[in-house]
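Student: Residue numbers for the sequence shown, in UniProt numbering: 1 to 620.
Worth flagging that the hints you see were computed from the coordinates, not collected in a lab. Be a bit skeptical, because a hint or two may be false.
[Stated by the list, open to error] Derived SDA-like pairs (lysine to any residue); straight-line CA-CA distance at most 25 angstroms:
hint	residue 1	residue 2
1	Lys524	Gly508
2	Lys433	Ser184
3	Lys524	Asp323
4	Lys153	Gly172
5	Lys360	Thr148
6	Lys49	Glu19
7	Lys317	Asp243
8	Lys200	Lys231
9	Lys524	Ser509
10	Lys303	Gly561
11	Lys494	Lys433
12	Lys519	Lys200
13	Lys557	Gly572
14	Lys303	Pro225
15	Lys317	Pro225
16	Lys554	Pro514
17	Lys547	Ser509
18	Lys80	Ile359
[Stated by the list, open to error] Pair ranges (Cβ atoms, derived):
hint	residue 1	residue 2	range
19	Glu97	Ser232	36 to 44 angstroms
20	Arg601	Thr290	40 to 48 angstroms
21	Tyr562	Val511	53 to 61 angstroms
22	Arg471	Gln584	24 to 32 angstroms
23	Thr193	Thr17	27 to 35 angstroms
24	Tyr358	Gly523	14 to 22 angstroms
25	Ala235	Gly377	36 to 44 angstroms
26	Thr290	Arg183	42 to 50 angstroms
27	Thr17	Ile443	18 to 26 angstroms
28	Tyr358	Glu171	33 to 41 angstroms
29	Arg471	Ser232	18 to 26 angstroms
30	Gly377	Glu171	56 to 64 angstroms
31	Gly244	Asn160	31 to 39 angstroms
Since the structure is predicted, the reported quantities are computational estimates derived from the model, not experimental observations. The beta carbon of each residue, even a glycine, is placed where N, CA and C say it ideally should be.
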Amino acid sequence: MGKALRRMQKQLGLEETGELDASTLATMRAPRCGVPDVGRFLTFEGDLKWDHSDLTYRVLNYSPDLDASVIEDAFARAFKVWSDVTPLTFTRLQSGEADIMIQFGTQEHGDGYPFDGKDGLLAHAFPPGKGVQGDAHFDDDEFWTLGTGIVVKTSYGNANGAACHFPFTFEGQSYSTCISEGRSDGLLWCATTPNYDTDKVYGFCPSELLYTYDGNSDGAKCVFPFIFEGKSYDACTTDGRSDGYRWCATTASFDQDKKYGFCPNRDTAVIGGNSQGDPCVFPFTFLGQTYSACTSEGRQDGKLWCATTSNYDTDHKWGFCPDQGYSLFLVAAHEFGHSLGLDHSSVRDALMYPMYSYIKDFHLHPDDVSGIQFLYGRGSGPVPTAQVPDIPDQTSTQAEDTTTPAEPDLATGDDYPMPTEPSPVDPSSDACKVNSFDAITEINGELHFFKSGNYWKSSGSRKGTIQGPFRISATWPALPALINAAFQDVLTKKLFFFSGRRFWVYTGSSVVGPRGIEKLGIGKEAERISGALQRGRGKVLLFSGEKYWRLDMKVQKVDKGYPRLTDDTFAGVPLNAHDVFLYQGKYHFCQDRFYWRMTPRYQVERVGYVKYDILNCPEQ
């Protein structure tokens with residue numbers, strides 16, 4: 001454990017104590033990008049770089065968190081960080097194939113490297129090359145801001161598109177959100193100076209009653225009610241979509257006209273919970289009490305939340321209140337560094353250091369300058385061309401080129417680091433070159449490692465015993481390529497496989513499924529099962545995000561009193577682990593290359609590398 005920790009601490013620029021101390025834990029759980037490399041500035045293996053200096057980029061879609069013009073400005077400034085110190089130039093394209101294609105997406109978004117919801121992976125980018133290489137993707141389950149809280153850009157009014165100023169004063173009252181007071185049409189507005197009473201400067205806040213974005217309606221506003229699949233809707237909906245984006249029809253009947261757009265988030269739109277994108281409703285009732293602001297009541301983690309209806313006690317609809325969010329500019333500047341060929345730095349103040357932190361007055365660190373000039377030389381390019389934001393005709397976040405990419409760099413949130421190999425590779429045959437497995441479990445005494453349609457087997461006892469790859473479809477034909485979790489029932493030897501919110505049960509070659517995990521009693525708060533721990537008396541713990549459920553194998557239902565918070569029972573392991581499995585009587589929680597091994601008495605006894613310690617790959 002000490003050796004692995006010292007190696008990890010060296011990679012992260014920490015004091016090499018070999019102990020899992022508070023400083024190390026805090027650093028590992030900080031928002032970050034994924035490859036904790038040794039050395040100072042690094043480039044990808046082979047010094048991957050563009051063979052031309054006049055680079056192009058294209059924004060495929062937008063996040064509802066920010067106005068399109070704010071997003072465009074953040075990206076333009078992020079490119080300028082690099083063009084200021086190199087001969088590179090960056091020009092935005094409105095259509096066609098660009099060198100760097102930029103998109104927002106959630107979960108599985110078309111490149112084979114799915115995001116994992118809020119506060120997990122923030123973004124990832126590919127090194128230079130053709131097709132998807134060079135592209136940058138941003139997780140739209142995150143709350144994107146400029147790093148200091150929500151940015152509400154106004155429209156119409158007399159403020160010329162200025163951002164809301166919170167708080168502001170109207171008729172002697174102070175307001176910290178958009179309001180409808182003073183209007184009879186219900187439209188939300190805000191002042192763009194501290195005092196409307198004296199300055200009379202205002203604008204309207206984002207609302208589907210004013211406009212939509214993306215879709216195929218050129219920004220037209222929603223029409224309510226509208227008909228979709230024979231049903232009438234009086235508000236934006238996520239029905240008909242699997243990505244959680246709120247949309248509406250822009251005519252009275254979507255069934256007839258097929259015209260639609262996506263609804264912008266309001267300033268009080270919640271994050272996560274079971275009402276993503278819906279606004280807080282104030283006042284609301286919770287346990288018989290009335291609340292006129294976000295509250296942490298009912299939670300042990302202190303996070304602020306609100307109801308999205310007037311009565312939580314009856315409707316149980318809620319979400320987390322907006323926080324400071326992640327700076328789209330800073331995350332984009334980091335990711336674009338990867339798009340240009342830079343790997344990570346161990347210099348803590350460098351932009352390419354793996355951990356995310358907000359910097360108010362940002363200046364590119366000399367270590368970053370040395371790295372990028374090593375690839376492209378000195379020079380100062382012009383400000384990136386920032387054209388008027390377009391609204392794409394298509395809403396798909398699917399990359400236009402489906403060429404198999406090198407593995408992207410991963411940026412993660414509050415959970416444990418998601419490192420990848422210094423040299424991105426195609427993990428098609430060598431398990432020791434796989435950077436992150438989709439699932440790990442023990443089947444018939446052998447560990448099985450699943451990744452992108454393949455799996456490997458290992459006895460785990462000595463080096464050189466890795467078998468595979470085998471095609472998942474050849475062994476279990478009914479299964480999809482992506483397996484998020486699996487386990488073998490101790491008593492019946494049945495195999496349970498999970499992918500997204502579906503599961504399959506294999507008994508020999510016979511299969512039942514797919515079925516929805518709601519059949520087991522697991523609600524919509526679980527987007528996928530990420531691991532399982534078999535317990536005594538026919539019980540299995542199923543993990544998703546920061547929670548776990550106890551499944552009674554006899555009745556195939558979750559026990560009452562669940563879900564529970566993982567941290568309450570398994571303190572010290574990474575939150576939101578993507579692989580959880582039982583092996584040799586110990587609990588294993590993985591975040592990419594690293595794993596935590598916990599005893600049945602809930603004591604962490606080892607932190608190590610999956611590749612070297614479990615898969616028994618030779619150390620390089």
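Student: Each hint needs a verdict: does it hold in this structure or not?
Tutor: How the hints compare with the structure:
Restraint check for Lys524 and Gly508: the C-alpha separation of about 30 angstroms exceeds 25 angstroms, so the hint is violated. Note on Lys433 and Ser184: the hinted pairing is violated, with a Cα-Cα distance of about 63 angstroms set against a maximum of 25 angstroms. Our distance criterion of 25 angstroms between C-alpha atoms is met by Lys524 and Asp323, whose separation comes to about 23 angstroms. Taking the CA atoms of Lys153 and Gly172, the gap is near 23 angstroms; set against the 25 angstroms cutoff, the hint holds.
At roughly 9 angstroms between alpha-carbon atoms, Lys360 and Thr148 fall within 25 angstroms of each other, so this suggested pair holds. Under the criterion of a C-alpha separation no larger than 25 angstroms, the hint pairing Lys49 with Glu19 is inconsistent with the structure, at around 38 angstroms. Between the alpha carbons of Lys317 and Asp243 the distance comes to roughly 19 angstroms, so the proposed pair stays at or under 25 angstroms and holds. About 43 angstroms separates the Cα atoms of Lys200 and Lys231, which puts this hinted pair outside 25 angstroms; it is violated.
For a cut-off of 25 angstroms, the pair hint linking Lys524 to Ser509 is broken: about 30 angstroms separates their Cα positions. The straight-line distance between the Cα atoms of Lys303 and Gly561 is roughly 21 angstroms, inside the 25 angstroms bound, and the hint therefore holds. Straight-line distance between C-alpha atoms of Lys494 and Lys433 comes to about 30 angstroms, which puts the hinted pair past the 25 angstroms bound. With a C-alpha separation of about 56 angstroms, the suggested pair Lys519 and Lys200 falls outside the 25 angstroms cut-off, and the hint is violated.
With a CA separation close to 28 angstroms, the supplied pair Lys557 and Gly572 exceeds the 25 angstroms bound. Taking the CA atoms of Lys303 and Pro225, the gap is near 35 angstroms; set against the 25 angstroms cutoff, the hint is violated. With a CA separation close to 22 angstroms, the supplied pair Lys317 and Pro225 stays within the 25 angstroms bound. About 19 angstroms separates the Cα atoms of Lys554 and Pro514, which keeps this hinted pair within 25 angstroms; it holds.
Among the hinted pairs, Lys547 with Ser509 is inconsistent with the structure: their alpha-carbon atoms are about 32 angstroms apart, more than 25 angstroms. For a cut-off of 25 angstroms, the pair hint linking Lys80 to Ile359 stands: about 17 angstroms separates their Cα positions. Remark: the range hint 36 to 44 angstroms for Glu97 to Ser232 is upheld by a beta-carbon distance near 41 angstroms. Here the CB-CB span from Arg601 to Thr290 is close to 44 angstroms, well matched to the stated 40 to 48 angstroms.
Checking the proposed 53 to 61 angstroms range against Tyr562 and Val511 shows it is violated: the Cβ atoms sit about 27 angstroms from each other. Under the hint 24 to 32 angstroms, the C-beta atoms of Arg471 and Gln584, about 28 angstroms apart, fit the expected range. Range check, Thr193 to Thr17: Cβ separation about 51 angstroms, and the 27 to 35 angstroms hint is violated. Taking the beta carbon of each, Tyr358 and Gly523 are about 33 angstroms apart, not inside 14 to 22 angstroms as hinted.
Between Ala235 and Gly377 the C-beta distance comes to about 54 angstroms, which lies outside the given range of 36 to 44 angstroms. Restraint check, Thr290 to Arg183: a C-beta distance of roughly 25 angstroms breaks the suggested window 42 to 50 angstroms. At roughly 38 angstroms, the beta carbons of Thr17 and Ile443 sit outside the given window of 18 to 26 angstroms. The supplied range of 33 to 41 angstroms is met by Tyr358 and Glu171, whose beta-carbon atoms lie about 35 angstroms from each other.
For Arg471 paired with Ser232, a C-beta distance near 47 angstroms fails the hint of 18 to 26 angstroms. For the hinted restraint 56 to 64 angstroms between Gly377 and Glu171, the CB-CB distance of approximately 60 angstroms keeps it satisfied. Under the hint 31 to 39 angstroms, the C-beta atoms of Gly244 and Asn160, about 33 angstroms apart, fit the expected range.
The structure fails hints 1, 2, 6, 8, 9, 11, 12, 13, 14, 17, 21, 23, 24, 25, 26, 27, 29 (numbered hints given earlier, in ascending order).
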